[in-house]
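Asker: The letter at position 42 of the sequence shown is residue 42 when you use this note's numbering, and the numbering goes up by one with no holes.
All clues stand as given, with none of them false.
No farther apart than 25 Å at their CA atoms in a straight line, the calculated lysine-lysine pairs in the PhoX-like style are these:
id : residue 1 : residue 2
1  : 196       : 133
2  : 44        : 3
3  : 178       : 288
4  : 153       : 133
5  : 288       : 244
6  : 178       : 153
7  : 283       : 252
8  : 133       : 178
9  : 196       : 153
10 : 283       : 178
11 : 178       : 196
These are calculated hints, taken from the structure and not from any lab test.
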Amino acid sequence: MQKELPDHYRPWMEIASKLPDLIGSHQLRAQVNEMPLLNCQFLKSYREQRLAHLVLSLITMGYVWQEGEAQPAEALVEAMNAMLQPNQDSLLQALQRLRLSIQDITRTLGQMHDYVDPDIFYAVIRIFLSGWKDNPAMPVGLIYEGVSTEPLKYSGGSAAQSTVLHAFDEFLGICHSKESGDFLLNMRDYMPPSHKAFIEAIQSAPSLRDHVLSSGNGPLLSAYNQCVQALADLRSYHITMVTKYLITSAAKAKGRKLSHLPGPPQALEDRGTGGTTVLSFLKSVRNKTLEAILPQSG
Numbered sequence: 001m002q003k004e005l006p007d008h009y010r011p012w013m014e015i016a017s018k019l020p021d022l023i024g025s026h027q028l029r030a031q032v033n034e035m036p037l038l039n040c041q042f043l044k045s046y047r048e049q050r051l052a053h054l055v056l057s058l059i060t061m062g063y064v065w066q067e068g069e070a071q072p073a074e075a076l077v078e079a080m081n082a083m084l085q086p087n088q089d090s091l092l093q094a095l096q097r098l099r100l101s102i103q104d105i106t107r108t109l110g111q112m113h114d115y116v117d118p119d120i121f122y123a124v125i126r127i128f129l130s131g132w133k134d135n136p137a138m139p140v141g142l143i144y145e146g147v148s149t150e151p152l153k154y155s156g157g158s159a160a161q162s163t164v165l166h167a168f169d170e171f172l173g174i175c176h177s178k179e180s181g182d183f184l185l186n187m188r189d190y191m192p193p194s195h196k197a198f199i200e201a202i203q204s205a206p207s208l209r210d211h212v213l214s215s216g217n218g219p220l221l222s223a224y225n226q227c228v229q230a231l232a233d234l235r236s237y238h239i240t241m242v243t244k245y246l247i248t249s250a251a252k253a254k255g256r257k258l259s260h261l262p263g264p265p266q267a268l269e270d271r272g273t274g275g276t277t278v279l280s281f282l283k284s285v286r287n288k289t290l291e292a293i294l295p296q297s298g
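Given only the sequences and the hints, what does the whole structure look like? Please build it.
Answerer: Structure follows, in structure tokens:
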């Protein structure tokens, strides 16, 4: 097991070796802020790269959480705290930051066009993201030898498993249809327990939507609606991506033989990797998001 890095990375290793003490004394952030920016070119082997990744990951986690859960600058947490304060300006600013964060996610999603070919995604990649629950290609599930004698069913990777999207829904008070809501609720079982607990904490917190409605504050209502619209826009863009990478690619695959590509099972043609009939699900989620927009008075 690799335990040391080249001397060039001594600043990383020195901080890592003192990590518990630096966190306990609240000095880690100050030490990291003084740390020189080091080039990774001297990490020659996989083992060195893996150790460097571990060291920097631990330093990063310590840096973020040095002051505990109270101080990470997350827009959702700021906004939840702001609701408990009489000053509406802090809530307004938090909602404005939240809108920008949602818009950043949409822009990041757009980078898929630059790196992923639709035909390759449809015919090669997508099947490896599919699970064995609600999947016609594997209707009985999968037997895990040594775990269960009966087949087990698990959904594949899905955007519905994204903690941040569930957090947005709970915070903004988005109410989905029973069918879509049940599916989304099941997807929380695929999240890390702490992520699921975070969503449940938002759910049990005071309602932002009710707070905005009762405030009589026009700018606050407008900021809330802009957050909801940004989330609906993100979901509309997701529909555009699914249409390009799944629906259109499926039609093209039917129309011509892609001899160099294996092609996925036909049973998966109209389904997302999580097992849903994808377009109807995504449109329902998007439309229910739009329904959350509050009417402007006057």
